[in-house]
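Trainee: With chain F's structure known, arrange chains S and P on it following the hints.
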Amino acid sequence: MAGVKTWLDSWPVYRQLTGADPFGRGSAARSKATDATVSRTATADKVVKSVCPYCAVGCAQNVYVKDEKIVQIEGDPNSPINRGRLCPKGSASKQLVTSPSRVTTVRYRRPYGTEWEDLDLDTAMEMIADRVLAAREKGWQVEDGPADNRRRVNRTMGIASLGGATLDNEENYLMKKLYSALGAIQIENQARI
Amino acid sequence: MPGLGASFGRGGATNFLEDLANSDCIVIEGSNMAECHPVGFQWVGEAKARGAKVIHIDPRFTRTSAIADLHVPLRIGTDIAFLGGLIKYVLDNELYFKDYVVAYTNAAALVNDEFVDTEDLDGLFSGFDAENNIYDETSWSYDPGEQDAATEQPAEAAEQEHEEDAPEVKASDRGQAAGSGGPPIPSKPHRDETLQHPRSVFQILKRHFARYTPEMVSEVCGIEPEVFEQVAQWVTSNSNRDRTTAWVYSVGWTQHSVGAQYIRTCSILQTLLGNIGRPGGGIMALRGHASIQGSTDVPTLFNLLPGYLPMPHADQHGTLDEYVADAAGKAGFWGNKRAYMTSLLKAWWGENATAENDFAFDYLPKINGDHSSYQTIADMIAGKVSGYFLVGENPGVGHPNSRMNRFGLANLDWLVVRDLQMIESATFWKEGPEHETGELSPDTVGTEVFFMPAATHVEKEGTFTQTQRVLQWRHKAVEPPNDARSDLWFFYHLGRILRDRLKDSPDPRDRPLLDLTWDYPVEGETQDPDAAAVLREINGFGPDGQLLNSYLQMKDDGSTSGGCWIYCGVYADGVNQAARRKPAKEQGAVASEWGWAWPLNRRMLYNRASADPEGKPWSERKAYVWWDEDAGEWTGKDVPDFERNKRPDYEPPEGAKAQDALAGTDPFVMQGDGKAWLYAPAGLVDGPLPTHYEPAESVVENAFYSQQANPTMEHIEGPWNRENPAQSEVFPFQVTTYRLTEHHTAGAMSRTLPYLSELQPEFFVEVSPELARLRGLSNGEYATLISARTAIEAKVLVTERVRPIKLRNGTVVHQIGMPYHWSYAGISTGDAANDLLGIVLDSNTHIQESKVSSCDIVPGRRPRGPELLEYVESYRRRAGVDSGRVTRNGGAPRVAPMDGQQEGS
Amino acid sequence: MTSISSVSAAFTGRDPGNRLYGPVPDVTEQSGYEPEHPKRVGFFTDTSVCIGCKACEVACKEWNTLPMDDSHGVRDALGDLSGMSYDNTGQLGANSWRHVAFIEQSRAVDLPMPSFGRPGDDRPHAHGMPAPDTGDLNSTATAQASVLNAEALSEFDPQTGQSGADKQVRWLMSSDVCKHCTHAGCLDVCPTGALFRTEFGTVVVQQDICNGCGYCVASCPYGVIDQRKDDGRVFKCTMCYDRLTDGLMPACATACPTQSIQFGDLDELQARADARLATLQDQGVETARLYGRDESDGVGGVGAFFLLLDEPEVYGLPPDPIVTTRDLPAMWKAAGKAALMMVGVAVTAIVGSRRPR
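Chains as they are written, first to last, in the numbering used here: chain F, 4 to 196; chain S, 115 to 1019; chain P, 14 to 370.
Hint data in this document are derived by calculation from the structure and do not stem from the laboratory.
Because the structure is a prediction, the values reported are computed rather than measured.
C-beta: ideal position from N, C-alpha, C; glycine also.
Some hints could be false.
Stated by the list, open to error - One-sided excerpt, in silico: chain F residues whose CB lies under 8 Å from chain P: (1) ASP24; (2) SER30; (3) THR40; (4) SER42; (5) CYS90; (6) PRO91; (7) SER94; (8) ALA137.
What the hints assert, rightly or not - Calculated cross-link-like contacts (lysine-lysine; reagent style DSS-like; alpha-carbon spacing at most 27 Å): (9) F/LYS69 - F/LYS35; (10) F/LYS49 - S/LYS696; (11) F/LYS52 - S/LYS699; (12) F/LYS72 - F/LYS49; (13) S/LYS760 - S/LYS730; (14) S/LYS699 - P/LYS52; (15) S/LYS590 - F/LYS49; (16) S/LYS212 - S/LYS760; (17) F/LYS35 - P/LYS242; (18) S/LYS590 - F/LYS69; (19) F/LYS69 - F/LYS49; (20) F/LYS52 - S/LYS669; (21) S/LYS751 - S/LYS730; (22) S/LYS669 - S/LYS590; (23) S/LYS590 - F/LYS72; (24) S/LYS696 - S/LYS751; (25) S/LYS699 - S/LYS751; (26) S/LYS669 - S/LYS751; (27) S/LYS920 - S/LYS909; (28) F/LYS141 - S/LYS498; (29) S/LYS920 - F/LYS52; (30) F/LYS49 - S/LYS699; (31) S/LYS730 - S/LYS212; (32) S/LYS212 - S/LYS751; (33) F/LYS141 - S/LYS617; (34) S/LYS544 - S/LYS920; (35) F/LYS49 - P/LYS242; (36) F/LYS69 - S/LYS696.
Bound conformation, chain F alone (with noise of 0.2 Å):
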């Protein structure tokens, strides 16, 4: 009988008729998936402190990590920028993390190509190194300036480059670093715009 009654108490209807919810519009109609209701964030493996990736409030975020892959990223309660709350978009940063359409291999365009063909990551910095010592050699400039005021410069004017701003600074840092080493000035940022 202790089965029977097992079973009967998981039925609504009988939980319904004999509990304290006689209209089965509360404890009596939960099914076991509503019992067994966990937050993803109470079962995620870890949780990394990070910060938005858009506009330049820095609201700090909670990155919610479960078997390597985000499953949630929210405020940060705790900071005195943003205590927790975030915009449209920093609400929307899991999904840019996940997009489908994010493109994650190497893809190459041969001059006068009409589709982009796959690399394999080290053929392309080989070839983008190439090609910078290529660009670096063709563009130099030991001096520069009207013919009665040549200034030494030592730089090259074959390469240039544009950064974001949602670089870190010790993304810039390396950049600006090795640039100025290579003699490249033309090195912009999106801080201009």
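Mentor: Frame of chain F; chains S and P shown alone:
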């Protein structure tokens, strides 16, 4: 931000977002804060809940206006007139904070007797060179004080000599360098503390703004005098010992041909009102990208090195001595420039930088002109640039005249695009609008394109510097997928490969690369470099190899290193201070233990000015930092932006240098005279005082002076950048560009995301019901907008929130609003607003005037294909503009423009 | 089965506990939870500080993994620009559990009898033609001054150009959501027990039970609950039931930058709302009013209530919502056998609707 730099000494917002809650009045002007910085806007809401007045001054009624106490719909491009009117109001009614003004500003300074104001030259200052459209700034300088030591400073003499040698050298690089350190001035000036001397800054100011009357403001800005009066009342009644007013701006001010001067006008007003360096006061520069402040602090900008040190100029900076000459022996913290620069050189070239080789100063390439983004695009079209790196930037959508940008890309040998999504700047060769018109095609474009997938913000570690100079460290949450890598990885490994290729090179040209310090530890399967190691290098090390705690420890003898002096201290005590996350509830309102702010964790700049000259708070209500006589130090709620133990009554002894030459009453410690500048004797190329000029493509005549527009405005000429004539009947409407809350800049981070795309699914423009009637436009239907650059189509939103401005003479100025997020890629698509715009630049900043241009608007969709080219050409002909026809890949035609089919050489 | 009529107020025609209508002191306990159940929680949406950023919409979708939709219920499709101010979501639906309404109002200030033209009036409707842009006077709105600019208005017109431009603009924004009614029609009519009241006093659809019958859709006085077209089941705001179990606030309230959406214990929110209303009225904002706060209204008060700055209709809210099952007891008394039949149908529906898991 030379507007702020030249006024106060540093190019950063003076206060912090949370401090807005302490304001008694907040004026948001040149910013749509609620839409573009929604989370920051909570602090405006906080102030409002405490009873503060919120005023929004903007051509459009936006989501910011919706919850302001007052919206002032001024005509686009007239903020200097409005603010100038407020300055006059404050001066005429003696509503300035007199004790503050006398003690902390240069109001009492005397100016060179050769200076002539715009009042006397009908809109020009003295020193204008009409042939080259530049100013010689000599006559703007202070009347030198007796302590002028120029003749005793050989290096400085050399500097002056160089300037005389090369008068064509623009001050732009110096203007930008004022990002952290006021522009160099020869010496402290003569002063008249009564402010009565006719050549005192105060009297010059009065004369300069004499014509900025309420009536003039009304006529030029198109607003009621009563509205102006209300703003003036609220602002002035909330600016005194007990109360403070904050001003908030963003790119609504910077993106003008007189953008830096917009900010200067505000700086003058806020200084007169005594609102700088005080809680609830200040000027909040709101920046639009996660680390745009960081991108100027540690710049990838052509004219700057880290910490706002200028890039060496070929004509001026042959040696390290010459480079630091302008700062040698100067007052203020800029006086230590040599120590900052030497430390930078040591960080970059390590043991290869020695006193014998001038600390490898000569390894740095030299600039000698405008090498900014737009000039570089023109150079690309001319075939002068071989390779281009786009690192998280999409100029084919996000930059004004993006059509011209695409032509630039089409003329490269190679292009590296690092991004998350396949952006338009990577696909222009087969999908752009010029593909449709036949101007570009895969057959003609030889550009080799490498798309290198990037890591997102949670897939790498590092710091962003947010809008109020706070560095916050991000930890890595997950590994980037597949080939995606951080930009740190890319540039580190590119450098590693290049150094390896050249390791046996005997060419001295390769020494800077081979001698570079480039040995960062790497970790993990992908060999990702350690960002913390880079941040430590930026912070700098002492002779003992210990991390520095403060830039005051930096030496000019090569014994210290540091990649960015203003960031020195981010690793104080060997701890990554940017990674601090002490919960807000566990610390005071200033929250000094959350992240780290430059300089030296000071959250509010110039906060010595929150106390009176004796060091006492101006009022209990506005107490912030004060002098504690018993402890012999400055103390308070924040880290003092002042030498902690310098007494308020300190007077510099004879011959004092750098910070020692500043008195205990000089709060603006980066300025050569320690004062806030009402008048800028140096640092700006278009005048020591702001002057109202009409925008380049204004439909209105300048009512103030016969000088219509900024005389120093920079133009970039070519068939792809034709300018609409001012006051043209062919292009009769003003158009302004902006962002929406739902999207982000050029759209790669928003138009690709479903949740954001559905909120604003299509490109649209906003017009008033009056303009809709005038041009037959219907809500929800298409319209075509035309300029001398091109024609684009957009859906129309007809709304009362956009208002025509009627001027006194009966002229009606119609203004069109145009968000600029769209192009052809992604989920939510449309024509690119920036295709419509041309490029003219503020000569101080080389920033474009994208906030105001002109156009025509007609109902219906635009012509397709080659018909589009003829359609736009017909407009150019009618407007008397040169042809915009281009040859293969956007090249300029060699002969006169041809009618009909373009040549395909 | 005879015990039914003795335990069920509904079948006696008496409803002493107000189980279907009127104020209820503890709706959670009434739903069968132990007396020490959590306090009833809710949303207080203060539209006077809403900046229309739509963070609530996105945070909701991110958390609940709802699909993008075209504003007409077609999932994963992009809609056209609506032309309705900045509102491209349209309304609450199966795929949008938060919806921010944008209402543009302008007022001619020079006229002796100022009037609001509602922006919807001069815009083309879903598939219609533009309506005339004047003439639709809203009698209640005529009395209202611009609320947020109230002080400014008393002195001059902030929107008036010197040329005699005669318009004054107000832009109202409000984030709508399921009201989690005290007397929830959806819950009362649900034959399968898919809809239930949680221990937090909120009303939630159990997706493992819903069979898509759709009775609830017609029974909601606010038109909130909606069937997903390609799925059949109904969906609506759960007040982030799963997050509540982890002690977190719902995603929308967590994100909201300006605290327009406040989450908390309902009694505390009610006190806060009353104070906020008093403050606004002290400031002269006479048009401010609470909506859904009154427990004697047609749904017994709601769990998600609002501070509005204009008539509810202006925001697309029903002025006097009444739970559709209000008259059920009387009906059942008159037709007891029919009621018993309904229970039978319900049981059949529950058994028949069990989905394979």
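Trainee: Next, verify each hint and record whether it holds.
Mentor: Okay, the hints, checked on the actual structure:
With its C-beta approaching chain P no nearer than about 3 Å, F/ASP24 sits inside the 8 Å limit, and its interface hint holds. Against a cut-off of 8 Å between C-beta atoms, the interface hint on F/SER30 holds, since the closest Cβ of chain P lies about 4 Å away. For F/THR40, the suggested interface contact is upheld, since its CB lies about 5 Å from the closest CB of chain P, less than 8 Å. With 8 Å as the threshold, the beta carbon of F/SER42 comes within range of chain P, its nearest partner Cβ sitting at about 4 Å, so the hint holds.
A least Cβ separation of about 5 Å between F/CYS90 and chain P falls short of the 8 Å threshold, and the interface hint therefore holds. The beta carbon of F/PRO91 comes within 4 Å of a beta carbon in chain P, closer than 8 Å, and the hint placing it at the interface holds. Because the smallest distance between the Cβ of F/SER94 and any Cβ of chain P comes to about 4 Å, under 8 Å, the interface hint for this residue holds. At its closest, the beta carbon of F/ALA137 sits 44 Å from a beta carbon of chain P; the interface hint therefore is violated under the 8 Å criterion.
For the hint linking F/LYS69 to F/LYS35, the alpha-carbon distance of about 24 Å falls within 27 Å, and the restraint holds. Distance restraint check for F/LYS49 and S/LYS696: the Cα-Cα separation of roughly 19 Å lies within the 27 Å cut-off, and the hinted pair is therefore satisfied. Annotation: proposed proximity of F/LYS52 to S/LYS699 holds, straight-line Cα distance about 17 Å (limit 27 Å). For a cut-off of 27 Å, the pair hint linking F/LYS72 to F/LYS49 stands: about 10 Å separates their Cα positions.
Restraint check for S/LYS760 and S/LYS730: satisfied, since their Cα atoms lie roughly 14 Å apart, inside the 27 Å limit. Using a Cα cut-off of 27 Å, the hinted pair S/LYS699 and P/LYS52 holds, with the two alpha carbons roughly 25 Å apart. About 11 Å separates the Cα atoms of S/LYS590 and F/LYS49, which keeps this hinted pair within 27 Å; it holds. Taken as a hint, the S/LYS212 and S/LYS760 pair is honoured in the structure, with Cα atoms around 24 Å apart against an allowance of 27 Å.
Restraint check: the Cα-Cα separation between F/LYS35 and P/LYS242 comes to about 26 Å, which is no more than 27 Å; the hinted pair holds. Annotation: proposed proximity of S/LYS590 to F/LYS69 holds, straight-line Cα distance about 14 Å (limit 27 Å). Between the alpha carbons of F/LYS69 and F/LYS49 the distance comes to roughly 7 Å, so the proposed pair stays at or under 27 Å and holds. Using a Cα cut-off of 27 Å, the hinted pair F/LYS52 and S/LYS669 is violated, with the two alpha carbons roughly 36 Å apart.
Proximity of S/LYS751 to S/LYS730 is assessed by CA-CA distance (about 14 Å); at most 27 Å being required, the pair is judged to hold. Note on S/LYS669 and S/LYS590: the hinted pairing is violated, with a Cα-Cα distance of about 35 Å set against a maximum of 27 Å. Between S/LYS590 and F/LYS72 the CA atoms are separated by roughly 12 Å; this keeps the pair inside 27 Å, and the hint holds. Between S/LYS696 and S/LYS751, the direct Cα distance comes to roughly 16 Å. Compliance with the 27 Å bound is thereby established for this hinted pair.
About 15 Å separates the Cα atoms of S/LYS699 and S/LYS751, which keeps this hinted pair within 27 Å; it holds. Of the supplied pair hints, the one linking S/LYS669 and S/LYS751 is violated, its CA atoms being roughly 30 Å apart against a limit of 27 Å. Only pairs whose Cα atoms come within 27 Å are accepted, and S/LYS920 paired with S/LYS909 is accepted, the gap being roughly 26 Å. Distance restraint check for F/LYS141 and S/LYS498: the Cα-Cα separation of roughly 10 Å lies within the 27 Å cut-off, and the hinted pair is therefore satisfied.
With a C-alpha separation of about 52 Å, the suggested pair S/LYS920 and F/LYS52 falls outside the 27 Å cut-off, and the hint is violated. The suggested pairing of F/LYS49 with S/LYS699 holds, with an alpha-carbon distance near 23 Å, which does not exceed 27 Å. Distance hint between S/LYS730 and S/LYS212 is fulfilled; the C-alpha atoms sit about 16 Å from each other, no more than 27 Å. Distance restraint check for S/LYS212 and S/LYS751: the Cα-Cα separation of roughly 25 Å lies within the 27 Å cut-off, and the hinted pair is therefore satisfied.
Using a Cα cut-off of 27 Å, the hinted pair F/LYS141 and S/LYS617 holds, with the two alpha carbons roughly 20 Å apart. With a C-alpha separation of about 45 Å, the suggested pair S/LYS544 and S/LYS920 falls outside the 27 Å cut-off, and the hint is violated. Between the alpha carbons of F/LYS49 and P/LYS242 the distance comes to roughly 37 Å, so the proposed pair goes past 27 Å and is violated. For the hint linking F/LYS69 to S/LYS696, the alpha-carbon distance of about 25 Å falls within 27 Å, and the restraint holds.
The structure fails hints 8, 20, 22, 26, 29, 34, 35 (numbered hints given earlier, in ascending order).
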